[in-house]
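Protein chains: 2
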Amino acid sequence: MEATPKLGILAGGGSAPRELISVCRAQKRSFFIIALEGQADTDLMCDASIGLGAFGKLKKICQQERLSEMVMLGRVRRPSVAELKPDFLGIKVIAKIGLNSLGDDGLLRSVSKAIEDECGVSIVGAHDVFKELLTPEGVLTKVGPDRQSQKDIKRGFKVVRSLGSLDVGQAAVVQRGLVLGVEAIEGTDALIARAGELKREGGGGIVVKCAKPQQDDRFDLPTLGPSTIDCIVHAGFVGLAVESGRSLFLEREKTIEAANKAGIFIVGLCMEEKDGE
Amino acid sequence: MEATPKLGILAGGGSAPRELISVCRAQKRSFFIIALEGQADTDLMCDASIGLGAFGKLKKICQQERLSEMVMLGRVRRPSVAELKPDFLGIKVIAKIGLNSLGDDGLLRSVSKAIEDECGVSIVGAHDVFKELLTPEGVLTKVGPDRQSQKDIKRGFKVVRSLGSLDVGQAAVVQRGLVLGVEAIEGTDALIARAGELKREGGGGIVVKCAKPQQDDRFDLPTLGPSTIDCIVHAGFVGLAVESGRSLFLEREKTIEAANKAGIFIVGLCMEEKDGE
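Chains as they are written, first to last, in my numbering: chain A, 1 to 277; chain B, 278 to 554.
Fair warning: there could be bad hints in the mix.
[What the hints assert, rightly or not] In silico SDA-like pairs for lysine to any residue, Cα to Cα no more than 20 Å straight-line:
(1) B:Lys476 to A:Gly38
(2) A:Lys151 to B:Leu384
(3) A:Lys199 to B:Gln316
(4) B:Lys435 to A:Lys199
(5) A:Lys199 to B:Leu385
(6) B:Lys362 to A:Gly202
(7) A:Lys28 to A:Arg66
(8) A:Lys60 to A:Lys92
(9) B:Lys476 to A:Asp167
(10) A:Lys158 to B:Pro490
(11) A:Lys158 to B:Gln316
(12) A:Lys151 to B:Asp444
(13) B:Lys428 to A:Ser165
[As the list claims (entries may be wrong)] Non-contacting residues of chain B with respect to chain A, defined by C-beta distances greater than 10 Å in every case (computed):
(14) Arg306
(15) Gly315
(16) Gln316
(17) Lys390
(18) Glu393
(19) Gly397
(20) Val401
(21) Lys408
(22) Val420
(23) Gly421
(24) Arg477
Treat the hints as calculated values from the structure; they're not laboratory data. It should be emphasised that the depicted structure is a prediction, and the values quoted were computed from it without experimental measurement. The beta-carbon is built from N, C-alpha and C at its ideal position, and this holds for glycine as well.
Chain A on its own, in the form it takes in the complex:
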């Protein structure tokens, strides 16, 4: 057995899978990309693709490629029943899981458990494999948060943690003490755009992202990348605070460069310390 076995990447939408691939390449780790049909970006270079209900096909791929570790990464819209098209094993798995009344987190946990049980792979987090994808602690840009932004960050984290503990959302926008918007399932970019239109006078305004306290870190860690900065610039806010160690920082150099160019700050904050305050 190799020291670092071939990594399976089960890819949903967005740039996160591509990012993981480039880290694999840089580290010369072999990988095998399985695109989720109708979810992964169409220009993702994949080795195979499967429908969302194709557990049988996935099992076969895992066996043929001798995959023992797999990362599930990227955005997955909840499919319609018509889209599921389960194969034989898929029907069995779906019957076992049930698809009713589950929050997104619960569903992801059940699906990954089923993949582990049926396909004989371990589902791991992208950050378990590549620590460098995680957001580091500290001010990552030329400018840092001023006093007002620091207060807003504190308020934002408090709000997001509270929402997160109820399995609702991972982000909020705060301007001069006023919470302009909180995220549920619309996604951070949509939240930032909306909050931009509700902005008050007086300047400032920050975006906060942090993981749900109880969430399984193998799935759906908060993600930041160039598009996050684009949204913040477009909405006219001044910075971004993310939980360090529990968020994926995509295209880090490019993102920080864009932030510096716009005079926006990015800061990674350790939540354990914050909670202790």
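Model the placement of chain B on the given structure of chain A, informed by the hints.
Relative to the frame of chain A, chain B by itself:
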């Protein structure tokens, strides 16, 4: 002194002030309407109007009309500094309050305190004067919530209470266990419209409104009326649950009729019981 003194109504935007006026008329209570310039609906029949910074003018009106009780009612956008145009007393009051970094609730409390101190009136809640404006308990429509909606209502109230305790928002939309959206400052109608676009398969979907646990009930109680039902119908959700006793139910007959016509439920729930669960 009269048993029921003339009621001052300091009117912001929306239909709430008009509603209170019609209740006054029905009860033959005399009233005096002071429209907030740039905030109150332009077609509101008012007895006087004042700018947001015109504390001196307001004081004069209160004295001339012998107002001892006043209700502040209706939507007030936070004004720009240019819009404030304070008069002499206004400058004094604004300097005392300060306008920085206050959440909306804090600002309202400070402003009403200043009005009470400077103008010699008591600021009361609309519902203190007219109990019939409050939402009653129970199912108010022909149909009530089914089992799934009951679960969603429970989840929604939990989320909104948690947000409310952080002085963030008063509403959420839940569908089959999934929180589609939570309100910050965008207003419930905007929340419902947004959540409608994020709706999943499977039907259902309910809107929950409740007051912030710690809020001063004289201001900004959650409000429902015909437009709330319009929004719910348009978004394709099945019902509305509101906190009974701590929300204003505007144009009740018309609203219930619209809900019945659309097959939507409205239910008033007592929060004290819910909290005890």
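Original post:
Is Lys28 of chain A within 20 Å of Arg66 of chain A, Cα to Cα?
Top reply: Within the cut-off at roughly 18 Å; holds.
Subject >> Proposed proximity, Gln316 of chain B with Lys158 of chain A (alpha carbon, max 20 Å) >> reply: With a Cα-Cα distance of about 32 Å, the restraint between Lys158 of chain A and Gln316 of chain B is violated, given a limit of 20 Å.
Original post:
Has the given pair, Lys476 of chain B with Gly38 of chain A, been kept, meaning a C-alpha gap of at most 20 Å?
Top reply: The given pair, whose Cα atoms are some 19 Å apart, holds under the 20 Å limit.
Original post:
Is the Cβ of Gly315 of chain B farther than 10 Å from every Cβ of chain A?
Top reply: Consistent with the label, Gly315 of chain B stays out of reach of chain A, its closest Cβ about 15 Å off (over 10 Å).
Subject >> Least C-beta distance from Glu393 of chain B to chain A larger than 10 Å >> reply: It holds; Glu393 of chain B is separated from chain A by about 24 Å at its closest Cβ, greater than 10 Å.
Original post:
Is Lys362 of chain B close enough to Gly202 of chain A, meaning Cα to Cα at most 20 Å?
Top reply: Holds - the C-alpha atoms of Gly202 of chain A and Lys362 of chain B are around 17 Å apart, at most 20 Å.
Original post:
Keeping to a limit of 20 Å between CA atoms, is the pair of Lys158 of chain A and Pro490 of chain B held or broken?
Top reply: holds (17 Å)
Original post:
Has the given pair, Lys428 of chain B with Ser165 of chain A, been kept, meaning a C-alpha gap of at most 20 Å?
Top reply: Answer holds: Lys428 of chain B to Ser165 of chain A is near 18 Å, not above 20 Å.
**OP:** With a cut-off of 20 Å on the C-alpha distance, tell me whether Lys151 of chain A and Leu384 of chain B pass.
**Re:** holds (18 Å)
**OP:** Find the nearest Cβ of chain A to the Cβ of Val420 of chain B and say whether that gap is larger than 10 Å.
**Re:** At about 21 Å from chain A, Val420 of chain B clears the 10 Å cut-off, so the statement holds.
Subject >> Consistency of the no-contact label for Gly397 of chain B, given chain A and a CB cut of 10 Å >> reply: holds (31 Å)
Subject >> Arg306 of chain B remote from chain A - nearest C-beta pair above 10 Å >> reply: holds (36 Å)
Of the numbered hints given earlier, the model fails hints 4, 11 and 24; all others are met.
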